[in-house]
Amino acid sequence: MKLHKLAGIAAAIGLLATPAAFAQAPKAAAKAPAKAEAKEQFFPALPYRTGPYAPNGVPWANGFVDYLKLTNARGGINGVKVVWEECETAYATDRGVECYERLKGKHGGATVFQPLSTGITFALTEKAPVDKIPLITAGYGRSESANGAVFEWNFPMVGTYWSGADVLIQHIAKKEGGFDKLKGKKITLVYHDSPYGKEPIALLQERAKMHGFELSLLPVASPGVEQKATWLQIRQHKPDYVLLWGWGVMNSTALKEAQATGYPREKMYGVWWSGAEPDVKDVGEGAKGYNALAMQHGAEPNAKVVKEILEKLHAKGQGTGPKEEVGQVLYMRGLISSMLAVEGVRAAQGRYGKGKWVSAEQARWGFENLNLDQKALDALGFAGVMRPVHTTCLDHMGSGFARIHTWDGKKWNFSSDWYEADQKVLRPLIMLASAKYAEEKKIKPRTPEDCKK
Amino acid sequence: MFYRENGQFKTTYQSDQQIFAIPQDRWAILAIVAVAFIGVPLLVDEYLLRAILIPFLILSLAALGVNILVGYCGQITLGAGASMAVGAYAAYNFLIRVDGMPALAAILLGGLAAALAGIVFGAPSLRVRGLYLAVATLAAQFFWDWAFLRIKWFTNNASSGSVSVADINLLGWTISTPTDKYLFCLGILVVFSLMAKNLVRGSIGRQWMAIRDMDVAATVIGIRPMYAKLSAFAVSSFYVGVAGALWGFVHLGSWEPAAFSIDRSFQLLFMVIIGGMGAISGSFFGAAFIVVLPTFLNQVLGLLGGLFGLEVSVALVSHIEVTVFGALIVFFLIVEPHGIARLWSTGREKLRLWPFPH
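Residue numbers (the numbering used here), protein chains in the order written: chain Z, 8 to 460; chain X, 18 to 375.
One or more hints might be untrue.
Stated by the list, open to error - Residues from chain X that face chain Z, not an exhaustive set, calculated with beta carbons under 8 angstroms:
| # | residue |
| --- | --- |
| 1 | Ala68 |
| 2 | Gly178 |
| 3 | Ala183 |
| 4 | Ala234 |
| 5 | Leu269 |
| 6 | Glu273 |
| 7 | His336 |
Said to hold, decoys possible - A short list of chain X residues far from chain Z (calculated; beta carbon distances all over 12 angstroms):
| # | residue |
| --- | --- |
| 8 | Arg144 |
| 9 | Val145 |
| 10 | Ile346 |
Derived by calculation from the structure, the hints in this document are not laboratory data. Glycine is no exception: its CB is placed at the ideal position from the N, C-alpha and C atoms.
Here chain Z stands alone, though its shape is the one from the complex:
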């Protein structure tokens, strides 16, 4: 009897230990080489090259990796080489969280995460402060995270949905001949029914109150291929303008539906995630006249950095994606996201030692004190692509400029001047929303003294 019991226990322990052991084995194997190359700066990537959003996710991911390759070709960050590793998320939040956990400790520790998904950003916002790893969400994520006093680890650099929505309203007002002309106008927001699509609503409602235009909201269920009912409503309602907040297949579907219902594409304005080549390519001439925000940059086939990538990487067969993609809108966005991360590390090196590896916590200081002036941008090859970025403790966005570009049936052309999001509108909203978050999560906002540390 006694023997039986012992055997039972032994068997149980054996059973339990086996899965634990085999799950640990790959981790141990992955960790071993990481120790040796701790001197390299690790940039994890969470792309989606599969799933319903892959057509838009792939160019972004290729641009992201190409810039890291270019950084190494340029000799690293003051001599520190960069390494990267991808983990496929398929735009699913739970997969994204798993990838984050998987990559955060590899290659000596992740420097910064860029999830390219608002859903994953929301989930990681909870984890980043615990692990002390910053998040750069260039052009997406939580709009209120621009307030660095509450969101210490989030960096929605270069633009948030609120700054984008604000610029769109400014542009429409200019077209109409002033903000007072907006009174009584009908503006419809067609949005992806997720945190991503809902983000701009708060700002648009604020603007609607200020100027007296009528805002109607039409959600589209993910992934967005079913929009017949939405466009029927638009046909009945006849709005003066339609704002499109879609992603992936939802954008081209919306344009096709607009074509089918005869809604003029000239009166449609997309956010910067609805204004790239994959969105309009299939519709071609049918999308002619459609406008979208350009998050600073548009399609930039003539930028210096693009030429450098073609020459240093693609000419040698080291490019990540197809050659034709280089310089396209989403490719450029990946490139800029990657550049912001690299330059943040460079800024951190300025404080913690030039040519030295910096930890994620040190890199955070770099992102918070990033000062990319025109001269620095020109040197990096980004002249004409974007405007200077200057982040501070209270402003993690750094720059609220945007332009509009228009599809002419074959390519994107800029059709407006630079606009800057109105801080008088944005700031109160950001403060209100971030204060609410701080209260929910019991966070004490940082004071100006804390910021100096």
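Use these hints to put chain X onto chain Z, whose structure you have.
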């Protein structure tokens, strides 16, 4: 050889009616629980805890709930994701709207709210059954998806419709580290599993099974179908609701309705079918299969590519992962249609005769 019950005589009713009548089983289970409580937190690293084990525990609890309804009472549901959502959002609202509400109480109240919702949406089961019922429960999924997306009150007027909660505090124990979270979920899972096991062994569980096997016959011998079916819906939704609240509070920390979409409902139903309907252990096998296997495949495939010096793109790995996973589901369903739990119990039967089978 070792796993044999010859010579074990039961002399009291109590010893005959234990959950694990065979001492070897009893000890094995106790050892597993002990290892899970003591060994795992000491041995396992953070990645395994946060990315694998915590989701596994919480989804096991949800699968347990679905198993009560589908496996024991025979009522197919496609609204499990909705029950999780009700649990999570109700718990969130109890937490923020009632001053001084302890998080654990909020989670349990979330489960109760899910139970109420389950009774309401389980009512069609009194008239329709089988596939028709599955379609009727879809209504719950769509209704609650809609409610949490559109009714701003539920999300406390969050601008993006995403809600978040702070770390749980349980009698002075702040649950913030992965180990704390793991132990908290494990504790709840152990208590709830014990409850479930005893429920299905007791009078109510027998009623459920009678309804499952033949509801006309059950009615004839005096079982009230309304009581039996609705109680199964209530208990099942309670379990799933608590799991949903844990998913939001402990695993995600911040969530949106998409976390509890129809995909989740299907996932839970598959866990129960693959794991084993009408077996408590089936819920654990099923959850392990659905949660752990894809991640494991993903990592192993990447490593395999590395071994052969190939640069495998993440896209290719994820395509292969989906293919292999699908093939494995088909394989298991062909080899053992009654689920992994049945495979396990067949194995046990064989083990009792080993090494001298008849």
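Which numbered hints does this structure break?
4
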